[in-house]
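Visitor: Line by line, the protein sequences give chains B and L. Heads up, the first sequence is in full-length UniProt numbering, so the first residue is 1 and it goes up one at a time. Heads up, the second sequence is in full-length UniProt numbering, so the first residue is 1 and it goes up one at a time.
These are computed hints drawn from the structure, not numbers from a lab. Among these hints, one or two may not hold up.
Said to hold, decoys possible - Away from chain B, derived, C-beta distances all over 12 Å, residues of chain L:
1. T37
2. H39
3. Q50
4. G64
5. L73
6. I77
7. K92
8. A119
9. V140
10. H141
11. D144
12. T162
13. L169
14. T173
15. R189
As the list claims (entries may be wrong) - On the chain B side, residues computed to face chain L include the following (Cβ under 7 Å):
16. H38
17. I39
18. Q41
19. R42
20. T295
Just so it is clear, CB atoms sit at the ideal spot from N, CA and C, and this is done for glycine as well.
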Amino acid sequence: MENVLSLVPVLIKMAIVVGVLLLLPLPLTWLERKIAAHIQQRPGPMRVGWHGLLQPLADAIKLLTKEDHIPAEADRMLFSIAPVVALVPPFLVFVAIPIGDPIQMFGTEIALSISDLNVGLLFILAVSGIGVFGTILAGWASNSKYAVLGSLRSIAQMISYEIPMGFSVIGVVMLAGSMQLSQIVSSQQGLWNVVVQPIGFFVFFVSGLAEAQRIPFDLPEAEGDLGAGYHTEYSGIRFSLFMLAEYLVVVVLAFLNVLLFFGGWLGGPAFLPATIWLLLKVGFFIWVFMWLRFTFPRYRYDQLMAIGWKLLLPLSLLNILVSGFVML
Amino acid sequence: MARTGVKRSNWIGRVLLVDLLAGLRLTLGYMVSKTVTHHYPDYEKWVPYQRHRGHHFIKTNEEGEVNCVACELCSKICPCDCITVIPFENEKGDRRPKVFDINLARCLYCGLCEDACPADAIKLGQEYEVATHHRGTLVVHLEDLVKAPGKAGNGGVVRPATLDRNGGLRSVTRTRPKDAGLDWWSRIRRER
Ligand code: SF4
Ligand code: SF4
Numbered sequence: 001m002e003n004v005l006s007l008v009p010v011l012i013k014m015a016i017v018v019g020v021l022l023l024l025p026l027p028l029t030w031l032e033r034k035i036a037a038h039i040q041q042r043p044g045p046m047r048v049g050w051h052g053l054l055q056p057l058a059d060a061i062k063l064l065t066k067e068d069h070i071p072a073e074a075d076r077m078l079f080s081i082a083p084v085v086a087l088v089p090p091f092l093v094f095v096a097i098p099i100g101d102p103i104q105m106f107g108t109e110i111a112l113s114i115s116d117l118n119v120g121l122l123f124i125l126a127v128s129g130i131g132v133f134g135t136i137l138a139g140w141a142s143n144s145k146y147a148v149l150g151s152l153r154s155i156a157q158m159i160s161y162e163i164p165m166g167f168s169v170i171g172v173v174m175l176a177g178s179m180q181l182s183q184i185v186s187s188q189q190g191l192w193n194v195v196v197q198p199i200g201f202f203v204f205f206v207s208g209l210a211e212a213q214r215i216p217f218d219l220p221e222a223e224g225d226l227g228a229g230y231h232t233e234y235s236g237i238r239f240s241l242f243m244l245a246e247y248l249v250v251v252v253l254a255f256l257n258v259l260l261f262f263g264g265w266l267g268g269p270a271f272l273p274a275t276i277w278l279l280l281k282v283g284f285f286i287w288v289f290m291w292l293r294f295t296f297p298r299y300r301y302d303q304l305m306a307i308g309w310k311l312l313l314p315l316s317l318l319n320i321l322v323s324g325f326v327m328l
Numbered sequence: 001m002a003r004t005g006v007k008r009s010n011w012i013g014r015v016l017l018v019d020l021l022a023g024l025r026l027t028l029g030y031m032v033s034k035t036v037t038h039h040y041p042d043y044e045k046w047v048p049y050q051r052h053r054g055h056h057f058i059k060t061n062e063e064g065e066v067n068c069v070a071c072e073l074c075s076k077i078c079p080c081d082c083i084t085v086i087p088f089e090n091e092k093g094d095r096r097p098k099v100f101d102i103n104l105a106r107c108l109y110c111g112l113c114e115d116a117c118p119a120d121a122i123k124l125g126q127e128y129e130v131a132t133h134h135r136g137t138l139v140v141h142l143e144d145l146v147k148a149p150g151k152a153g154n155g156g157v158v159r160p161a162t163l164d165r166n167g168g169l170r171s172v173t174r175t176r177p178k179d180a181g182l183d184w185w186s187r188i189r190r191e192r
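Let's have the full structure, built from the sequences with the hints guiding it.
Guide: So, in structure tokens, the structure goes:
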């Protein structure tokens with residue numbers, strides 16, 4: 001009975017996280033379209049609801065009621081599971097992401113994360129690595145050359161950028177002496193990691209962009225040369241699952257940037273609850289990602305590889321070396 | 001290679017990503033500047049300049065008679081052969097058009113008819129919404145031409161408007177023609 005009761009808060013938290021994450025892409029698409037529009041001096045969606053706020057809802061209805069087409073030559077099994085494989089990792093990552101110090105409620109202490117794993121960071125890096133399987137399966141199962149090219153590119157990109165990304169957080173782990181995200185945050189009391197580890201932050205930010213396949217590293221879905229890349233053949237609800245995954249990866253990335261380098265929920269003004277302060281920072285990062293997206297052109301494939309292997313990898317190694325010396 | 005030389009010479013800027021930051025600064029500036037979209041047709045409408053050559057109109061004199069003397073010069077000079085004028089003699093013994101049709105579907109809005117007219121009768125006005133579902137309605141007659149809107153008084157601005165759904169869709173401006181509209185060009189950003 002005791003065990004069952006202790007499950008209740010976990011289940012409630014899971015329900016909240018899943019619900020929020022499922023709905024989050026709606027405002028995010030709106031935000032992205034607004035930012036894109038204003039950078040081009042357009043107002044963006046304006047007609048459905050106040051300043052087009054209900055537009056994502058209309059789009060969602062459209063996507064859900066569209067024909068769900070599977071190409072005749074496609075591998076039907078893989079084709080159907082690929083969007084789910086792409087969607088699950090971003091959800092799983094949120095298991096380990098804390099959004100504040102534990103709070104007191106109903107006389108018990110409730111941690112503001114589903115599970116504050118003591119290898120949280122490792123878990124997140126590992127799980128988000130799985131996400132690329134969705135891309136690979138989608139490209140392979142579609143049996144179309146654009147899709148295959150897109151997923152080939154994304155495999156190469158993932159391999160090259162996972163390495164500097166992993167290395168860049170080692171500095172942070174060394175400073176905190178732990179891989180637990182809440183410990184990493186509390187180790188930034190007084191001084192955010194971005195001040196101590198500017199190179200680490202730069203490498204993490206750039207390789208994070210590449211991992212999330214955002215512009216300027218969005219080669220797997222380069223609409224100019226590949227149609228839509230790995231999800232060229234997808235339509236209707238399966239396509240919207242890919243879009244969902246894409247937006248959630250951006251949110252995960254924003255969370256990681258804030259937790260690892262920008263002090264998490266620490267350092268806010270006294271009147272703001274810590275969690276709100278954290279979410280504000282996360283929102284800022286999401287905005288920065290969208291701003292970057294509509295500013296930069298796409299890198300060429302060889303440039304992408306050069307940045308990954310010749311710039312970010314040595315930089316991240318240098319970062320580890322320097323932090324090691326400083327800490328000794 | 002010359003290009004490498006150029007690259008080497010500003011390596012400090014490249015290391016600090018100066019060019020990328022300049023791009024970001026530019027797009028940030030655009031993000032906070034005003035949008036240039038016309039919310040046509042149900043919120044705003046572009047009123048063209050006075051020189052705009054749109055839907056024709058025919059001027060009338062103080063007694064309400066059309067200025068046109070049915071000389072058919074406009075119909076002769078029209079490169080598209082789209083004006084039909086049939087003259088008749090009215091009670092006062094003046095020569096006036098019995099039929100004055102313009103086929104707007106053929107017209108290229110060159111304004112030659114306006115230049116040719118000796119009686120200051122036919123003009124090209126500000127109206128530019130001539131879209132329709134039936135080709136036949138594009139042939140406009142004398143009574144339509146007399147009623148058609150004239151030249152824009154102080155045009156070249158955007159005015160608040162509403163959508164009029166009676167008899168086809170038309171955007172109708174809501175302010176009086178005398179009121180100054182929004183100077184749309186002031187919203188265009190120019191880099192120094
Ligand atoms: S504007 Fe030109 S084409 Fe049109 S009716 Fe006049 S003369 Fe003909
Ligand atoms: S509109 Fe002018 S040019 Fe044409 S018939 Fe009348 S008077 Fe002559």
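Visitor: Indicate, hint by hint, whether the structure satisfies it.
Guide: Do the hints match the structure? See the list:
Its beta-carbon lying about 5 Å from the closest one in chain B, T37 (chain L) breaks the requirement of being farther than 12 Å from that chain. Its closest Cβ contact with chain B, about 7 Å, brings H39 (chain L) to no more than 12 Å, contrary to its assignment away from the interface. For Q50 (chain L), the requirement that its beta carbon stay farther than 12 Å from each beta carbon of chain B is met, with the minimum near 27 Å. Residue-level check passed: G64 (chain L) sits 44 Å from the nearest beta carbon of chain B, beyond 12 Å.
No beta-carbon of chain B is positioned within 12 Å of the beta-carbon of L73 (chain L); the least distance is around 46 Å. Residue-level check passed: I77 (chain L) sits 43 Å from the nearest beta carbon of chain B, beyond 12 Å. Distance check for K92 (chain L) against chain B: the nearest CB is about 55 Å away, which clears 12 Å, and the non-interface claim stands. For A119 (chain L), the condition that its CB be more than 12 Å from all CB atoms of chain B holds, with the nearest at approximately 46 Å.
Its beta-carbon lying about 33 Å from the closest one in chain B, V140 (chain L) satisfies the requirement of being farther than 12 Å from that chain. At roughly 37 Å, the least C-beta separation between H141 (chain L) and chain B is larger than 12 Å, which holds for a residue marked as non-interface. The claim that D144 (chain L) lies off the interface holds: its Cβ sits roughly 33 Å from the closest Cβ of chain B, which is beyond the 12 Å cut-off. Separation of T162 (chain L) from chain B is adequate, the least Cβ-Cβ distance of about 15 Å exceeding the 12 Å criterion.
Annotated as non-interface, L169 (chain L) keeps its C-beta farther than 12 Å from every C-beta of chain B; the closest such distance is 16 Å. Interface exclusion of T173 (chain L) from chain B stands, the closest Cβ pair being 20 Å apart, more than 12 Å. Residue placement check: R189 (chain L) does not keep its beta carbon more than 12 Å from all beta carbons of chain B (closest about 7 Å). Taking 7 Å as the C-beta contact cut-off toward chain L, the hint placing H38 (chain B) at the interface holds, the least distance being around 5 Å.
Of the supplied interface hints, the one on I39 (chain B) holds, with its beta-carbon coming within about 5 Å of a beta-carbon of chain L, less than 7 Å. Taken as an interface hint, Q41 (chain B) checks out: its beta carbon lies about 5 Å from the nearest beta carbon of chain L, inside 7 Å. Because the smallest distance between the Cβ of R42 (chain B) and any Cβ of chain L comes to about 5 Å, under 7 Å, the interface hint for this residue holds. Satisfaction of the interface hint for T295 (chain B) is found here, the shortest Cβ-Cβ separation to chain L being roughly 4 Å, below the 7 Å cut-off.
Of the hints listed earlier, those the structure fails to meet are numbers 1, 2, 15, in rising order.
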